[in-house]
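Peer 1: Chain by chain, the residues run as shown.
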Amino acid sequence: GEDVEQSLFLSVREGDSSVINCTYTDSSSTYLYWYKQEPGAGLQLLTYIFSNMDMKQDQRLTVLLNKKDKHLSLRIADTQTGDSAIYFCAEIPSGNTPLVFGKGTRLSVIA
Amino acid sequence: DVKVTQSSRYLVKRTGEKVFLECVQDMDHENMFWYRQDPGLGLRLIYFSYDVKMKEKGDIPEGYSVSREKKERFSLILESASTNQTSMYLCASSSGTRGTQYFGPGTRLLVL
Numbered sequence: 001g002e003d004v005e006q007s008l009f010l011s012v013r014e015g016d017s018s019v020i021n022c023t024y025t026d027s028s029s030t031y032l033y034w035y036k037q038e039p040g041a042g043l044q045l046l047t048y049i050f051s052n053m054d055m056k057q058d059q060r061l062t063v064l065l066n067k068k069d070k071h072l073s074l075r076i077a078d079t080q081t082g083d084s085a086i087y088f089c090a091e092i093p094s095g096n097t098p099l100v101f102g103k104g105t106r107l108s109v110i111a
Numbered sequence: 001d002v003k004v005t006q007s008s009r010y011l012v013k014r015t016g017e018k019v020f021l022e023c024v025q026d027m028d029h030e031n032m033f034w035y036r037q038d039p040g041l042g043l044r045l046i047y048f049s050y051d052v053k054m055k056e057k058g059d060i061p062e063g064y065s066v067s068r069e070k071k072e073r074f075s076l077i078l079e080s081a082s083t084n085q086t087s088m089y090l091c092a093s094s095s096g097t098r099g100t101q102y103f104g105p106g107t108r109l110l111v112l
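These protein sequences, in sequence, are chains A and B.
Oh and the first sequence: position 39 is 39 in this note's numbering, straight run, nothing missing.
Oh and the second sequence: position 14 is 14 in this note's numbering, straight run, nothing missing.
In case anyone wonders, no lab produced these hints; they're calculated from the structure.
Errors might be hidden in some of the hints.
With a cut-off of at most 25 Å between alpha-carbon atoms, the simulated PhoX-like pairs for lysine-lysine come out as follows [unchecked claim]: (1) A:K67 - A:K56; (2) B:K70 - A:K36; (3) B:K70 - B:K3; (4) B:K57 - A:K103.
Please take these sequences and the hints and turn them into a complete structure.
Peer 2: What follows is the structure, given as structure tokens:
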């Protein structure tokens, strides 16, 4: 079945780069997403990548996709305290099915 | 901008009460979803709907029902609330078969 795996915690120092990793199982996934959840709030779409791309960059965010290994990563450059949040990886499996989410990675930024 | 609103941010109910959680989206999206979020378990899909009056069970539908009488509104119903339904409830909507999901701010429900 579909499964999306992420590590649960990551801690980085302010100004360093953060890399959040995700693995997924459905090789026919067409879109892969990163969502951010700040404390007490809903999920906010950060970025997404189409499966025919290897990389997507948006300001401080870089998404890398390795389709062979079914591995997705989100790099945040110059991490700030405002980046502290839970980051969810998600895929749309084949067919007309809802998003499948990972359990989320809690990023803590130390000043 | 897509806007998904949920009727309450915080709700306190007693065991056995019937609870209604309302979700409204303003972007004419066909698809709507209800999730619950618990620490260490991530998001779990309760029910979803691809059209008015249609509903599909998600991964954890037991103890819940839904109603979609109008395209913009998707209601989650707890027929008889129990303490293990204390959770954060998130609603989302999307368009098309593989559209991006947009989330509401969540309702934090406490069942005493």
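Peer 1: Does each hint hold? Answer for all of them.
Peer 2: For each hint, the structure was consulted:
A threshold of 25 Å between alpha carbons decides the hint, and for K67 (chain A) with K56 (chain A) the separation of about 14 Å falls inside it, so the pair holds. Between K70 (chain B) and K36 (chain A) the alpha-carbon distance is near 29 Å, which puts this suggested pair outside the 25 Å criterion. A distance of roughly 16 Å separates the Cα atoms of K70 (chain B) and K3 (chain B); the hinted pair therefore holds under the 25 Å criterion. In summary, the hint linking K57 (chain B) to K103 (chain A) is supported, as the alpha carbons are separated by about 20 Å, within the 25 Å threshold.
Violated hint: 2 only; the structure is consistent with all others.
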